[in-house]
Amino acid sequence: MKNTFIARNPSVLWFLLALAVFTVVVTILSEATGFGLISTSFLKTLGKTLCLCLVAIAMDVVWGYCGILSLGHFAFFGIGGYAIGMWLMYARTEGLVQVSLQSSALPPTPQEITDAIGSQIFGVVGSSDFPVIWAFSHSLTLQLLAVILVPGLLALIFGWLAFRSRVTGVYLSILTQAMTLALSLYFFQNDTGLRGNNGLSGLQNIPGLEDRSQAVVSLWFFWGSAIALALGYVLFAYVVSGKFGSVVRAIRDNEARVRFLGYHVEQYKLFIFTLTAMVAGIAGALYYPQAGIINPAEIAPIASIYLAVWVAIGGRGRLYGAVIGAALVSLLSSWFTGGSAPDINLGFYVIKWTDWWLVLLGLSFVLVTLYFPKGIGGIFDALGRKRVEGDAS
Amino acid sequence: MNNTLLEVSGVSVTFDGFRAINNLSIQIAEPELRAVIGPNGAGKTTFMDIVTGKTRPDEGRVIFGEKSVSLLGMSESQIAQAGIGRKFQKPTVFEAQTVRENIAMALRNVRGPFDVLFGRKADNREDRIREVSDEIGLTDALDQQSGALSHGQKQWLEIGMLLAQDPRLLLVDEPAAGMTPAEREHTTDLLVRAAKTRAVVVVEHDMEFVRRLNCKVTVLHEGSVLAEGSLDHVTNNKDVIDVYLGR
Numbered sequence: 001m002k003n004t005f006i007a008r009n010p011s012v013l014w015f016l017l018a019l020a021v022f023t024v025v026v027t028i029l030s031e032a033t034g035f036g037l038i039s040t041s042f043l044k045t046l047g048k049t050l051c052l053c054l055v056a057i058a059m060d061v062v063w064g065y066c067g068i069l070s071l072g073h074f075a076f077f078g079i080g081g082y083a084i085g086m087w088l089m090y091a092r093t094e095g096l097v098q099v100s101l102q103s104s105a106l107p108p109t110p111q112e113i114t115d116a117i118g119s120q121i122f123g124v125v126g127s128s129d130f131p132v133i134w135a136f137s138h139s140l141t142l143q144l145l146a147v148i149l150v151p152g153l154l155a156l157i158f159g160w161l162a163f164r165s166r167v168t169g170v171y172l173s174i175l176t177q178a179m180t181l182a183l184s185l186y187f188f189q190n191d192t193g194l195r196g197n198n199g200l201s202g203l204q205n206i207p208g209l210e211d212r213s214q215a216v217v218s219l220w221f222f223w224g225s226a227i228a229l230a231l232g233y234v235l236f237a238y239v240v241s242g243k244f245g246s247v248v249r250a251i252r253d254n255e256a257r258v259r260f261l262g263y264h265v266e267q268y269k270l271f272i273f274t275l276t277a278m279v280a281g282i283a284g285a286l287y288y289p290q291a292g293i294i295n296p297a298e299i300a301p302i303a304s305i306y307l308a309v310w311v312a313i314g315g316r317g318r319l320y321g322a323v324i325g326a327a328l329v330s331l332l333s334s335w336f337t338g339g340s341a342p343d344i345n346l347g348f349y350v351i352k353w354t355d356w357w358l359v360l361l362g363l364s365f366v367l368v369t370l371y372f373p374k375g376i377g378g379i380f381d382a383l384g385r386k387r388v389e390g391d392a393s
Numbered sequence: 001m002n003n004t005l006l007e008v009s010g011v012s013v014t015f016d017g018f019r020a021i022n023n024l025s026i027q028i029a030e031p032e033l034r035a036v037i038g039p040n041g042a043g044k045t046t047f048m049d050i051v052t053g054k055t056r057p058d059e060g061r062v063i064f065g066e067k068s069v070s071l072l073g074m075s076e077s078q079i080a081q082a083g084i085g086r087k088f089q090k091p092t093v094f095e096a097q098t099v100r101e102n103i104a105m106a107l108r109n110v111r112g113p114f115d116v117l118f119g120r121k122a123d124n125r126e127d128r129i130r131e132v133s134d135e136i137g138l139t140d141a142l143d144q145q146s147g148a149l150s151h152g153q154k155q156w157l158e159i160g161m162l163l164a165q166d167p168r169l170l171l172v173d174e175p176a177a178g179m180t181p182a183e184r185e186h187t188t189d190l191l192v193r194a195a196k197t198r199a200v201v202v203v204e205h206d207m208e209f210v211r212r213l214n215c216k217v218t219v220l221h222e223g224s225v226l227a228e229g230s231l232d233h234v235t236n237n238k239d240v241i242d243v244y245l246g247r
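Listed in order, the protein sequences are those of chains B and U.
Using this note's numbering, read the first sequence as starting at 1 and increasing by one per residue.
Using this note's numbering, read the second sequence as starting at 1 and increasing by one per residue.
It is worth saying that the hints were derived from the structure and are not from the lab.
Where is the CB? At the ideal position from N, CA and C, for every residue including glycine.
Don't take every hint at face value.
As the list claims (entries may be wrong) - Take a look, some chain B residues computed to stay more than 12 Å from chain U by CB distance:
| no. | residue |
| --- | --- |
| 1 | W134 |
| 2 | F244 |
| 3 | G245 |
| 4 | G262 |
| 5 | L270 |
| 6 | I272 |
| 7 | G317 |
| 8 | L332 |
| 9 | L360 |
Unchecked claim - Only part of the chain U face toward chain B is listed, based on derived beta-carbon distances under 10 Å:
| no. | residue |
| --- | --- |
| 10 | T14 |
| 11 | F15 |
| 12 | G53 |
| 13 | T55 |
| 14 | V69 |
| 15 | L72 |
| 16 | G73 |
| 17 | I79 |
| 18 | R86 |
| 19 | Q89 |
| 20 | N109 |
| 21 | R168 |
| 22 | H205 |
| 23 | M207 |
What the hints assert, rightly or not - Output of the computed footprint for chain U on chain B, the stretches with three or more beta carbons under 8 Å from beta carbons of chain U:
| no. | region |
| --- | --- |
| 24 | 27 to 35 |
| 25 | 232 to 243 |
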């Protein structure tokens with residue numbers, strides 16, 4: 001089974017090889033283990049990029065393969081980040097509180113500790129009580145489960161309602177966008193119990209790893225992200241290959257026809273939608289400890305639209321296309337908006353890339369959609385075909 | 001006939017005030033080859049839509065099989081799994097996929113997402129794909145993208161996909177449209193052969209094609225049956241001549 005799967009999908013091997021080489025090279029150049037040519041902050045950027053690649057291949061499966069243009073997958077990503085962030089904040093604050101209460105004359109009661117943690121975390125929104133949704137935040141295991149189950153359950157319920165009513169195409173996109181908007185507005189509220197627009201912060205400090213330097217912790221997260229991307233890639237490559245993939249692509253091209261073949265189209269869509277949402281949650285849970293902070297602006301609809309833009313530029317319907325698109329566009333984006341890109345002085349006008357990057361991105365999206373519908377990944381197809389033709393002649 | 005496979009009785013359906021089907025009753029036996037003809041708007045395609053679950057009738061009954069299952073409460077995919085296959089007017093094969101993939105998808109087999117994902121497949125899969133591709137004459141094209149096939153070949157592939165489903169009832173909408181005479185002949189053979197073991201209902205405009213099928217004919221007009229019988233019988237029917245042939 002394994003042999004035939006790899007044999008049928010040689011690009012999976014190439015991708016894993018490239019990812020492994022990249023990981024080793026970055027490790028050698030990092031501050032923690034090697035030459036220190038890659039700063040810890042850039043290492044974090046690279047690790048975060050791998051997480052974005054992971055959510056991008058999830059998006060590619062749901063959109064590029066199954067034809068569901070979801071504008072909500074970055075919300076699932078954000079929920080994953082919040083789920084792990086709750087444990088990170090709780091456990092770290094608990095450590096700090098215990099240290100500060102040690103000096104008091106009487107040993108603190110558990111209630112005092114809980115109150116102290118509560119006022120530390122929720123002081124910014126004028127509260128000190130733990131909201132109900134923090135009930136499991138003391139447990140890493142339960143919050144890790146939440147990383148997968150909360151996005152999965154949300155996608156399952158939402159998808160069941162939407163697909164059952166046969167909402168498709170642009171209407172479904174609008175519906176997913178509405179869900180994303182509602183979620184981000186909900187997260188913005190102080191009453192929600194997720195610290196409103198302050199979000200969760202200090203996530204880069206991993207409880208239990210206080211004695212390790214950020215350089216080491218970042219490298220571990222980079223490895224974790226690389227492994228997650230590799231596993232996600234193999235998982236999705238398996239899902240979209242073989243007969244299952246055949247049915248999924250057929251649903252994209254002609255849903256009604258697949259129904260008359262006897263396939264329950266809604267079940268397939270729901271499976272794909274939920275599975276990709278869970279993977280998006282995992283990607284988010286790896287991303288935000290590297291970013292250090294998460295706030296509701298992260299799950300605003302625009303983030304999910306960017307996700308679709310990455311996949312479109314990279315090439316829909318090819319997993320490696322999504323990886324290329326996400327890596328290229330997100331790295332370029334941080335370069336242009338980070339102020340490192342040199343401004344262009346036209347004499348009468350200065351093009352500041354921090355302002356003009358979005359215009360450039362929008363323009364390239366339009367151009368790719370119009371002239372290169374297969375995106376950057378399409379170039380590989382063309383090259384591959386040329387090589388085959390060359391061999392034949 | 002007591003081996004009735006499909007029984008449509010007293011079915012009516014209205015679209016925005018327009019009565020597309022009006023108290024329609026048709027019985028199809030197993031095996032049988034039946035041609036359904038009629039002018040535009042007679043309700044031929046709507047009849048197929050009702051049987052395959054795409055359209056819900058306002059009233060009437062649609063009963064299938066010896067257990068007399070009502071098809072009206074079932075979804076399209078359930079009806080397809082119960083053994084009704086449908087070929088559309090326009091050839092609709094999955095053009096981005098190979099002929100083999102198209103046939104494999106249609107093969108009578110497990111249909112649930114988890115079963116398909118974890119590869120519970122029948123043992124004789126490749127054999128069956130071969131069998132079907134031989135039948136429709138596309139064995140040499142198995143690994144071709146089906147988008148690259150000719151119009152006629154796409155029609156055959158779609159018929160092949162129906163055969164792969166191994167349905168008890170096959171509904172075929174205008175199979176000969178846009179075909180060359182040689183292709184038509186091949187298509188006739190395919191349908192006549194298929195009808196030896198199952199029920200095949202062919203909706204067709206083209207009288208010459210229907211004559212070659214040499215089967216019982218049902219003439220639809222304004223959503224109900226106008227005449228039924230052999231082709232010669234219906235073409236001599238005065239009503240039929242008035243509304244259809246004498247245009």
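Outcome of the hint check:
The claim that B/W134 lies off the interface holds: its Cβ sits roughly 35 Å from the closest Cβ of chain U, which is beyond the 12 Å cut-off. For B/F244, the requirement that its beta carbon stay farther than 12 Å from each beta carbon of chain U is not met, with the minimum near 5 Å. For B/G245, the shortest C-beta to C-beta distance to chain U comes to about 9 Å, within the 12 Å cut-off, and the non-interface label is violated. Annotated as non-interface, B/G262 brings its C-beta within 12 Å of a C-beta of chain U; the closest such distance is 4 Å.
The Cβ of B/L270 does not lie farther than 12 Å from every Cβ of chain U; its closest approach is about 8 Å, which violates its non-interface assignment. Consistency note on B/I272: stated as away from chain U, yet its beta-carbon is not over 12 Å from all of that chain's, at 9 Å minimum. For B/G317, the shortest C-beta to C-beta distance to chain U comes to about 9 Å, within the 12 Å cut-off, and the non-interface label is violated. Listed as a non-interface residue, B/L332 keeps its Cβ farther than 12 Å from every Cβ of chain U; the least gap is roughly 31 Å.
For B/L360, the condition that its CB be more than 12 Å from all CB atoms of chain U holds, with the nearest at approximately 32 Å. For U/T14, the interface hint is violated, since its Cβ never comes within 10 Å of a Cβ in chain B; the closest pair sits about 21 Å apart. Taken as an interface hint, U/F15 does not check out: its beta carbon lies about 18 Å from the nearest beta carbon of chain B, beyond 10 Å. With 10 Å as the threshold, the beta carbon of U/G53 comes within range of chain B, its nearest partner Cβ sitting at about 8 Å, so the hint holds.
The interface hint given for U/T55 is violated, since its Cβ lies 12 Å from the closest Cβ of chain B, which is over the 10 Å cut-off. Nearest Cβ of chain B to the Cβ of U/V69: about 15 Å, over the 10 Å cut. The hint is violated. A hinted interface residue such as U/L72 counts as satisfied when its beta carbon comes closer than 10 Å to some beta carbon of chain B; here the least separation is about 16 Å, so the hint is violated. For the restraint placing U/G73 at the interface with chain B, the shortest Cβ-Cβ distance is roughly 15 Å, beyond the 10 Å limit, so the hint is violated.
This hint holds: U/I79 has a C-beta 8 Å from the nearest C-beta of chain B, less than the 10 Å allowed. For U/R86, the shortest C-beta to C-beta distance to chain B is roughly 5 Å, which falls under 10 Å, so the interface hint holds. For U/Q89, the interface hint is violated, since its Cβ never comes within 10 Å of a Cβ in chain B; the closest pair sits about 12 Å apart. For U/N109, the suggested interface contact is upheld, since its CB lies about 9 Å from the closest CB of chain B, less than 10 Å.
Proximity of U/R168 to chain B is violated relative to the hint, the smallest CB-CB distance being about 13 Å (cut-off 10 Å). Interface restraint check for U/H205: the shortest CB-CB distance to chain B comes to about 22 Å, outside 10 Å, so the restraint is violated. Evaluation of the U/M207 hint against chain B yields a violated restraint, the C-beta minimum of about 28 Å exceeding 10 Å. Counting residues of the region 27 to 35 of chain B whose beta carbon lies closer than 8 Å to any beta carbon of chain U gives 0, which falls below the threshold of three, so the coverage claim is violated.
Using a Cβ-Cβ cut-off of 8 Å, 3 residues of the region 232 to 243 of chain B lie near chain U, which meets the minimum of three, so the contact claim holds.
In this structure, the earlier hints numbered 2, 3, 4, 5, 6, 7, 10, 11, 13, 14, 15, 16, 19, 21, 22, 23 and 24 are contradicted, and the remaining ones agree with it.
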